[in-house]
Amino acid sequence: MGAISNLFGYLLNALYSVFNNYGIAIIVFSVILRIILIPITIKQQKSLKKSAELQEEMKEIQRKYKNNPEKLNQETIDLYKREKLSPFAGCFSSIIQIVIILSVFWLVSQPLTYMKKIDVNVINEYKKTLEQEQNQSTYKEIEIINKFGLQDERVNLNMNFIGLDLSKVPSSNLNDWTVYIIPILYVISSVVSIKITNNLNSKKNNKNKAITDGKNNEIQNEPSELEAMEAMNKNMMYMLPLMSVFIAFIAPLGLALYWFVSNLLMIIEKLFIDLFMKHKEENENA
18 MGAISNLFGY LLNALYSVFN NYGIAIIVFS VILRIILIPI TIKQQKSLKK
68 SAELQEEMKE IQRKYKNNPE KLNQETIDLY KREKLSPFAG CFSSIIQIVI
118 ILSVFWLVSQ PLTYMKKIDV NVINEYKKTL EQEQNQSTYK EIEIINKFGL
168 QDERVNLNMN FIGLDLSKVP SSNLNDWTVY IIPILYVISS VVSIKITNNL
218 NSKKNNKNKA ITDGKNNEIQ NEPSELEAME AMNKNMMYML PLMSVFIAFI
268 APLGLALYWF VSNLLMIIEK LFIDLFMKHK EENENA
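Residue numbers for the sequence shown follow this note's numbering, so the first one is 18 and each next one is one higher.
These are computed hints drawn from the structure, not numbers from a lab.
Heads up, a few of these hints could be off.
For lysine-lysine, the following PhoX-like pairs were computed, each having C-alpha atoms within a straight-line distance of at most 25 Å [to be verified]: (1) Lys60 / Lys295; (2) Lys60 / Lys98; (3) Lys67 / Lys297; (4) Lys297 / Lys60; (5) Lys212 / Lys63; (6) Lys98 / Lys88; (7) Lys133 / Lys63; (8) Lys287 / Lys297; (9) Lys133 / Lys144; (10) Lys81 / Lys67; (11) Lys133 / Lys157; (12) Lys67 / Lys295; (13) Lys144 / Lys81; (14) Lys134 / Lys145; (15) Lys66 / Lys297; (16) Lys157 / Lys185; (17) Lys145 / Lys157; (18) Lys63 / Lys287; (19) Lys98 / Lys81; (20) Lys295 / Lys63; (21) Lys287 / Lys67; (22) Lys157 / Lys134; (23) Lys164 / Lys134; (24) Lys212 / Lys297; (25) Lys164 / Lys185; (26) Lys164 / Lys144; (27) Lys81 / Lys295; (28) Lys133 / Lys145; (29) Lys67 / Lys98; (30) Lys144 / Lys134; (31) Lys63 / Lys98; (32) Lys144 / Lys157; (33) Lys164 / Lys66; (34) Lys63 / Lys297; (35) Lys212 / Lys67; (36) Lys212 / Lys133; (37) Lys83 / Lys63; (38) Lys164 / Lys133.
Since we're looking at a predicted model, the values are computed, not measured.
Turn these sequences into a full structure, and let the hints steer you where they fit.
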């Protein structure tokens with residue numbers, strides 16, 4: 018994670034040198050990162066669409082080989098290979114998101130190390146000063162910026178963003194209502210993102226259900242391995258925002274800002290990609 022945080026730090030620092038504002042740098046950083054991740058998002062949505070289309074064939078295989086587990090597994094594997102579909106595609110995307118979440122967390126928690134690339138000896142000297150003052154802050158580098166930034170340009174960062182102090186941690190500033198603004202916006206955007214994803218998946222599943230109507234009830238009622246994978250992907254979809262909300266509560270506000278902007282971009286991506294895929298499908302059918 019540290020290596021990825023270090024890499025992200027070069028980009029964030031370059032953006033900060035242009036805008037001279039931590040908040041604006043994080044927003045542009047979020048946009049660039051989402052653009053880089055677009056191919057993964059497209060692949061994920063294609064996989065979800067393909068999974069819905071294969072429900073009928075998968076159920077037929079399960080009905081045909083329900084008394085032969087070995088043959089069932091082999092036919093399932095062959096189906097995945099033939100259709101170039103990985104049942105773990107959604108999970109893979111979620112794993113990448115978790116890696117990015119943790120990397121950005123380390124980046125905003127230790128901006129002097131990963132972003133400003135300050136010599137470790139300089140950081141340690143300031144940490145010793147904080148310890149002598151019995152400063153119990155969890156995020157020492159954030160505290161160094163707040164306490165010594167005006168005295169030492171090397172450890173100075175402009176973290177004021179439209180009146181919000183992005184160095185603040187919600188769990189340590191419970192009486193300051195401003196620390197809740199960005200996390201609340203993030204939670205709202207997460208709910209909207211999940212709702213949109215569920216609606217898109219529901220449309221695909223309803224379309225697939227319409228195709229399978231009129232088939233043998235035994236085929237329709239048997240559990241599908243693809244459905245199990247979809248359930249797993251859905252659990253991951255809910256787990257990530259819940260985990261993020263908890264981390265956002267104990268992390269500097271810069272992290273919540275990154276997640277909020279990323280969520281907005283993801284919502285736009287999902288709607289645009291779904292529209293593009295639908296238009297492409299209509300043209301192919303025509």
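We went through each hint and held it up to the structure:
Among the hinted pairs, Lys60 with Lys295 is consistent with the structure: their alpha-carbon atoms are about 15 Å apart, no more than 25 Å. Of the pairs offered as hints, the one joining Lys60 and Lys98 holds, with about 16 Å between alpha carbons and a cut-off of 25 Å not exceeded. Taken as a hint, the Lys67 and Lys297 pair is honoured in the structure, with Cα atoms around 14 Å apart against an allowance of 25 Å. Between Lys297 and Lys60 the CA atoms are separated by roughly 15 Å; this keeps the pair inside 25 Å, and the hint holds.
A hinted pair counts as satisfied when its Cα atoms are at most 25 Å apart, and Lys212 with Lys63 qualifies at roughly 18 Å. Of the supplied pair hints, the one linking Lys98 and Lys88 holds, its CA atoms being roughly 15 Å apart against a limit of 25 Å. Note on Lys133 and Lys63: the hinted pairing is violated, with a Cα-Cα distance of about 39 Å set against a maximum of 25 Å. Pair hint Lys287 plus Lys297 holds up; C-alpha atoms about 15 Å apart against a cutoff of 25 Å.
Taking the CA atoms of Lys133 and Lys144, the gap is about 16 Å. The hint holds against a cut of 25 Å. Distance hint between Lys81 and Lys67 is fulfilled; the C-alpha atoms sit about 21 Å from each other, no more than 25 Å. Between Lys133 and Lys157, the direct Cα distance comes to roughly 15 Å. Compliance with the 25 Å bound is thereby established for this hinted pair. The suggested pairing of Lys67 with Lys295 holds, with an alpha-carbon distance near 13 Å, which does not exceed 25 Å.
In summary, the hint linking Lys144 to Lys81 is not supported, as the alpha carbons are separated by about 67 Å, beyond the 25 Å threshold. Between the alpha carbons of Lys134 and Lys145 the distance comes to roughly 19 Å, so the proposed pair stays at or under 25 Å and holds. The hinted pair formed by Lys66 and Lys297 meets the criterion: a straight-line CA distance of about 13 Å does not exceed 25 Å. Note on Lys157 and Lys185: the hinted pairing holds, with a Cα-Cα distance of about 12 Å set against a maximum of 25 Å.
Restraint check for Lys145 and Lys157: the C-alpha separation of about 10 Å stays at or below 25 Å, so the hint holds. For a cut-off of 25 Å, the pair hint linking Lys63 to Lys287 stands: about 11 Å separates their Cα positions. At most 25 Å may separate the alpha-carbon atoms for a hinted pair to count; Lys98 and Lys81 meet this at roughly 19 Å. Among the hinted pairs, Lys295 with Lys63 is consistent with the structure: their alpha-carbon atoms are about 11 Å apart, no more than 25 Å.
Note on Lys287 and Lys67: the hinted pairing holds, with a Cα-Cα distance of about 16 Å set against a maximum of 25 Å. Taken as a hint, the Lys157 and Lys134 pair is honoured in the structure, with Cα atoms around 15 Å apart against an allowance of 25 Å. Distance check on the hinted pair: Lys164 and Lys134 sit about 18 Å apart at the alpha-carbon level, within 25 Å; holds. Distance hint between Lys212 and Lys297 is fulfilled; the C-alpha atoms sit about 24 Å from each other, no more than 25 Å.
Restraint check: the Cα-Cα separation between Lys164 and Lys185 comes to about 13 Å, which is no more than 25 Å; the hinted pair holds. For a cut-off of 25 Å, the pair hint linking Lys164 to Lys144 stands: about 11 Å separates their Cα positions. Under the criterion of a C-alpha separation no larger than 25 Å, the hint pairing Lys81 with Lys295 is inconsistent with the structure, at around 32 Å. Pair hint Lys133 plus Lys145 holds up; C-alpha atoms about 19 Å apart against a cutoff of 25 Å.
About 13 Å separates the Cα atoms of Lys67 and Lys98, which keeps this hinted pair within 25 Å; it holds. For the suggested pair Lys144 and Lys134, the alpha carbons sit about 16 Å apart, so the restraint of at most 25 Å is met. Between Lys63 and Lys98 the CA atoms are separated by roughly 15 Å; this keeps the pair inside 25 Å, and the hint holds. For the proposed pair Lys144 and Lys157, the alpha carbon gap of about 7 Å is at most 25 Å, so the pair holds.
Taking the CA atoms of Lys164 and Lys66, the gap is about 52 Å. The hint is violated against a cut of 25 Å. Restraint check for Lys63 and Lys297: the C-alpha separation of about 12 Å stays at or below 25 Å, so the hint holds. Under the criterion of a C-alpha separation no larger than 25 Å, the hint pairing Lys212 with Lys67 is consistent with the structure, at around 20 Å. Taking the CA atoms of Lys212 and Lys133, the gap is about 38 Å. The hint is violated against a cut of 25 Å.
The suggested pairing of Lys83 with Lys63 is violated, with an alpha-carbon distance near 28 Å, which exceeds 25 Å. Proposed proximity of Lys164 and Lys133 is supported: the alpha carbons are some 16 Å apart, at most 25 Å.
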